[in-house]
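Per my numbering, residue 725 is the first one in the sequence shown, and the count goes up by one each step.
Some clues are possibly wrong.
[Stated by the list, open to error] Distance ranges between label pairs, derived from CB positions:
#1 Ala863 / Leu814: 15 to 25 angstroms
#2 Thr804 / Ser768: 39 to 49 angstroms
#3 Thr804 / Pro770: 36 to 46 angstroms
#4 Thr807 / Thr836: 38 to 48 angstroms
#5 Thr804 / Ser860: 28 to 38 angstroms
#6 Val805 / Asn849: 12 to 22 angstroms
[Said to hold, decoys possible] Calculated lysine-lysine pairs in the DSS-like style (CA-CA distance at most 25 angstroms, straight line):
#7 Lys857 / Lys811
#8 Lys812 / Lys857
#9 Lys819 / Lys857
#10 Lys861 / Lys811
#11 Lys857 / Lys815
#12 Lys815 / Lys861
#13 Lys822 / Lys811
#14 Lys822 / Lys857
#15 Lys861 / Lys819
#16 Lys822 / Lys861
#17 Lys822 / Lys812
#18 Lys812 / Lys861
For the record, the hints were derived by calculation from the structure and aren't laboratory data. Note that CB positions come from ideal geometry on N, CA and C, so glycine has one too.
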Amino acid sequence: MQKNLVNAILVLVAISCAFLFFKKISAEQPKAEIVVEESVSENSLPSDFHRFYDRFHTDSLFQMSRVVFPLSGVVQEGDTVLTLVAKKWLKEDWKMHKSFNNHGGTFERTFTNTGGIVIETIVGNGGMFSLEKRYSKLAGDWHLIWYQGLIMHG
725 MQKNLVNAIL
735 VLVAISCAFL
745 FFKKISAEQP
755 KAEIVVEESV
765 SENSLPSDFH
775 RFYDRFHTDS
785 LFQMSRVVFP
795 LSGVVQEGDT
805 VLTLVAKKWL
815 KEDWKMHKSF
825 NNHGGTFERT
835 FTNTGGIVIE
845 TIVGNGGMFS
855 LEKRYSKLAG
865 DWHLIWYQGL
875 IMHG
């Protein structure tokens, strides 16, 4: 019984540290340019996506107007066993997403364009943590359509 309690506390402390670390990183991020991994031409990012992406992460009013609320996605929950759980983010609970900062190589970001949906993946600490955002054009404008909060792997 005591061993289970200690394990649960250790998992909660680890998750709390990860979230605090990520929150601190988000708050301190300077504006960064989009770095696109090499890919075939069908996977290249549309030229208007770059302008949208930069403004989305620097203009809070613009960001709020370009998130499809309630925003669907997943988060990781659990005490001793972490599982992915469906979540809907509401407008009144939304926290501004800031520009990406790789913090000296601690985080890596990639973009993939699949059928007009741009998927941004950010991975940290050699794959131990990740998050994902999906963007799509709706009525001619780019919007955030799906979000996976920070999850821990392994």
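Status of each hint after checking the structure:
| no. | hint | verdict |
| --- | --- | --- |
| 1 | Ala863 / Leu814: 15 to 25 angstroms | holds (22 angstroms) |
| 2 | Thr804 / Ser768: 39 to 49 angstroms | holds (43 angstroms) |
| 3 | Thr804 / Pro770: 36 to 46 angstroms | holds (43 angstroms) |
| 4 | Thr807 / Thr836: 38 to 48 angstroms | violated (25 angstroms) |
| 5 | Thr804 / Ser860: 28 to 38 angstroms | holds (36 angstroms) |
| 6 | Val805 / Asn849: 12 to 22 angstroms | holds (21 angstroms) |
| 7 | Lys857 / Lys811 | holds (14 angstroms) |
| 8 | Lys812 / Lys857 | holds (14 angstroms) |
| 9 | Lys819 / Lys857 | holds (14 angstroms) |
| 10 | Lys861 / Lys811 | holds (22 angstroms) |
| 11 | Lys857 / Lys815 | holds (16 angstroms) |
| 12 | Lys815 / Lys861 | holds (19 angstroms) |
| 13 | Lys822 / Lys811 | holds (21 angstroms) |
| 14 | Lys822 / Lys857 | holds (13 angstroms) |
| 15 | Lys861 / Lys819 | holds (22 angstroms) |
| 16 | Lys822 / Lys861 | holds (21 angstroms) |
| 17 | Lys822 / Lys812 | holds (20 angstroms) |
| 18 | Lys812 / Lys861 | holds (20 angstroms) |
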